[in-house]
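Here are the chains, one letter per residue:
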Amino acid sequence: MNHYDIPLSALPLGEKCKVKKLISDGSIRRRMLDLGLIDDTIVEALQQSPSGDPVAYLIRGAVIALRREVASMILVEAL
Amino acid sequence: MGLTNKSTGTGILEKELKIDKTTPNDKIIALGGNPNVGKSTVFNNLTGLNQHTGNWPGKTVTNAQGNYFYKNNNFILVDIPGTYSLMANSVEEEIARDFICFGNPDITVIVVDATCLERNLNLVIQTLEITPKVVVCVNLMDEAERKGISINLKELSKHLGVPVVGTSAVKAKSLNELMDAVSDVASNKITPNTINIVYEELIEKAISKVEDEVKPLLQDRLNPRWVALKLIDGDKTLIASMNKYLDMNLTEEDALMSQIHEARAFLNAEGIDSDVFRDKIVSHLVMTAEKVSSMVVSFKNENYNDRDRKIDKYLTSKKFGFPLMIFLLSVVFWITITGANVPSAMLADGLFWIEDKLTLFFTSLGTPPWVHGLLVTGVYRTLAWVVSVMLPPMAIFFPLFTLLEDLGYLPRVAFNLDNYFKKACACGKQALTMCMGFGCNAAGIIGCRIIDSPRERLMAIITNNFVPCNGRFPTLIAVITMFFAGAIAGPFQSVVSALILTGVIILGVVMTLTISKILSKTLLKGIPSTFTLELPPYRKPQIGKVIVRSIFDRTLFVLGRAVVVAAPAGLVIWTMANIYIGDLSILTHCANFFDPFARLIGLDGYILMAFILGFPANEIVIPIMIMCYMSAGSMLELDSLAQLRDLLVSNGWTSLTAVCVMLFSLMHWPCATACLTIKKETQSFKWMLISFLVPTITGIVICFIVANTVRFIGLI
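Residue numbers (our numbering), protein chains in the order written: chain A, 1 to 79; chain B, 1 to 716.
Bound conformation, chain A alone:
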């Protein structure tokens, strides 16, 4: 792990990042992979729900909302 890496949940809205590592296992990890969150995938934080959580991310052309707990298990490098 690179010390520049941050959890995806800490990525400011409107910013882009590159996926570096998934720190989950089992079914959560599989779900993340199914979304195409493999190494070096570019993710952009788009919009926060008016209730505060989740945040919508642009992942490989699809807009996916992830709750904070999930997003914090994805380590990314801000771009």
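These are calculated hints, taken from the structure and not from any lab test. Fair warning: this is a prediction, and the values are worked out from it, not measured in the lab. Check before you lean on any hint, since a few could be wrong.
Unchecked claim - Computed footprint of chain B on chain A, listed as stretches where at least three residues anywhere in the stretch have a Cβ under 8 Å from a Cβ of chain B:
no., region
1, 10-16
2, 27-34
3, 61-73
As the list claims (entries may be wrong) - Calculated cross-link-like contacts (lysine-lysine; reagent style BS3-like; alpha-carbon spacing at most 27 Å):
no., chain 1, residue 1, chain 2, residue 2
4, B, LYS291, A, LYS18
5, B, LYS280, A, LYS20
6, B, LYS280, A, LYS16
7, B, LYS525, B, LYS423
8, A, LYS18, B, LYS313
9, A, LYS16, B, LYS300
10, B, LYS525, A, LYS16
11, B, LYS525, A, LYS18
12, A, LYS21, B, LYS310
13, A, LYS16, B, LYS291
14, B, LYS310, A, LYS16
Claimed, not checked - Which stretches of chain B does chain A cover? Using the computed rule of at least three CB atoms under 8 Å from a CB of chain A, they are:
no., region
15, 270-281
16, 414-420
Heads up, the beta-carbon is just placed ideally off N, CA and C, and yes, glycines get one too.
Given the structure of chain A, go ahead and fit chain B onto it with the hints provided.
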């Protein structure tokens, strides 16, 4: 709101994968694809079967099938659940995979979204690993064109090695080309030469070890290379399904098992443990999809989704998100209420004019009074009430709501509300199942299949009834108009009605969240599971189609069910009202029996009885109340809400009664159809009983508190 005779029970194949062919020449087509790519629209256009489609992910929650006759061949289309992958991570993925593997489809059509090809290709590639008999249908080509995305279909076909056809499912013509390709592949005119998915060398070595061993066992029924891959991956669901559908127990094949063991040991020694293995497999598939996509897709404008992002900035913003949500809901209600007034009155006039004629007819025939009473005052009048009160609001509300659904707004509602569901330890997709509940709670309960966690699914099922279905809307609207908005004159009347109705719905949402929270601290303890919610692109709805579809597919279906229930109910009520024991009719005896308890919760005996008799269908609650009061009183003509109000007031209704009726309508037992659906979905009598009791007890408690607080304070 996918409410058809299919979604409420019949004709569903789920675990049973065998499709009956009418002739041996029939071809079975499995129709797969990511959620929300217009798969169901393709299905509908081909089969003419109106399976309901909506713009939210995970709409097809069960397999549906239909026939399509093309060029002298009968094709049986099977709509399999929309999934992103076939790795059996969820029930839907397992059903989809099982059908492709064991349902013996002659061909599998994968529908993909042209505006989001890369993500969709993952599923195509996974399917190609299982079978070469695939046709890829690139749907929503018109949407892509509008966004300046162009796809080189020929090139895509070359890379994948299977036929690729571009369609815009809303235009049925483009489907001929699809069916040509399907015919060609099904009749072996085209031999697919599919893309080779080659993993890294170590994994390939491991695969070939197991493949050689498993190949003779499979006897060409499944692709041995793919099975080998899954076995090394440790996919238990595949082993179970092979046991179930092929009667083949791989775990008893010692040679194979030791080969798998060896392959895993070999990989482990090379630093590839099971998690790494899975990562590498998935990453390879994703990267293949990325590579293929980059070679065939070109963008005129890299920011093709800007319009959607701009809309989202408003619809899901901190400032406007909630106000806009409430505003849209109110507008839908306002249009429904305003629009329903006139046709409702006209229908009532017409139907009661017919009643008069029927009465004359019966009199001229000289039939005994009880025949006329039973058939005209009993059956016909109840039917007339159900039709005139229920039909107009339904025929307006259904299409309006479907428009919001097709636009893609509903997932945004789920997105906006998610944090509250999280705090209630529930799944955010529960907001979607609640929306389905607006149409029909039974459909909402079936829709709960989109929730993966069994705990959260149960919570969504139990609380679904807190959303008033279409059978209860007109009751609420009628009571609001009579007692609360009636005093306000002019155009504002319907505005006030709409606002009050919106308030009732918000109360329903608050109750859903509160009860969910209570359930998650008591009966269904647990923490919220992870889930992902896709916000699909906004789409231009097909307005004409929406109207036709919602009227024929939903309105008439719901109304038909109500009428079927209303006729016998009218018969029973009339009989009860006209058979006397002592001085009082049976109806009055029953009402008197319920009366003391009903008064405690702000109702009266007749109202409570109407709710009880309305168990088969909520639509008939108001008509039963009217029947009860009319048979007890002397009023005969009733053709406007004002007269209805007079009838109710003369029977002791106050605004407190009206409030309690609304509260009880919002919170009481689910109707019979919903109960049966719960039983079927949960496979448990206990959970059906709990789903029955939770809203009932909530309603009784709340009505009791409201009624007695108001009485205590002395407001009324």
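Inset, instruction - With a cut-off of 27 Å on the C-alpha distance, tell me whether B/LYS280 and A/LYS20 pass. - result: holds (14 Å)
Legend entry - Restraint check for B/LYS291 with A/LYS18, where alpha carbons must lie at most 27 Å apart: At roughly 18 Å apart (the allowed maximum being 27 Å), A/LYS18 and B/LYS291 satisfy the hint.
Inset, instruction - Check whether three or more residues of the region 61-73 of chain A sit with their beta carbon closer than 8 Å to a beta carbon of chain B. - result: Since 9 is at least three, the answer is holds.
Inset, instruction - Starting from B/LYS525, check that the Cα of A/LYS16 is at most 27 Å away, please. - result: Status violated; Cα separation ~37 Å.
Inset, instruction - Quick one: see if chain A covers the region 270-281 of chain B, three-plus residues with Cβ-Cβ under 8 Å. - result: This one holds; 3 residues, not fewer than the three required, reach chain A with a Cβ under 8 Å.
Inset, instruction - Verify the coverage statement for the region 10-16 of chain A against chain B, using a C-beta to C-beta distance below 8 Å and requiring 3 or more qualifying residues. - result: violated (count 0)
Legend entry - Restraint check for A/LYS21 with B/LYS310, where alpha carbons must lie at most 27 Å apart: violated (31 Å)
Legend entry - Pair hint outcome, B/LYS525 versus A/LYS18 [Cα-Cα no greater than 27 Å]: violated (37 Å)
Inset, instruction - Mind checking the alpha carbons of A/LYS16 and B/LYS300 for me, to see if they're no more than 27 Å apart? - result: holds (22 Å)
Inset, instruction - Please work out if B/LYS310 and A/LYS16 have their alpha carbons no farther apart than 27 Å. - result: With Cα atoms ~18 Å apart, B/LYS310 and A/LYS16 stay inside 27 Å; holds.
Legend entry - Given coverage of the region 414-420 of chain B by chain A, tested with a Cβ cutoff of 8 Å and a minimum of 3 residues: It holds, with 6 qualifying residues against the three required.
Inset, instruction - Count residues of the region 27-34 of chain A with a Cβ under 8 Å from any Cβ of chain B, then say if the count reaches three. - result: Coverage by chain B holds here, the residue count being 7 at a Cβ distance below 8 Å.
Hint check: violations occur at hints 1, 10, 11, 12; the rest are consistent with the structure.
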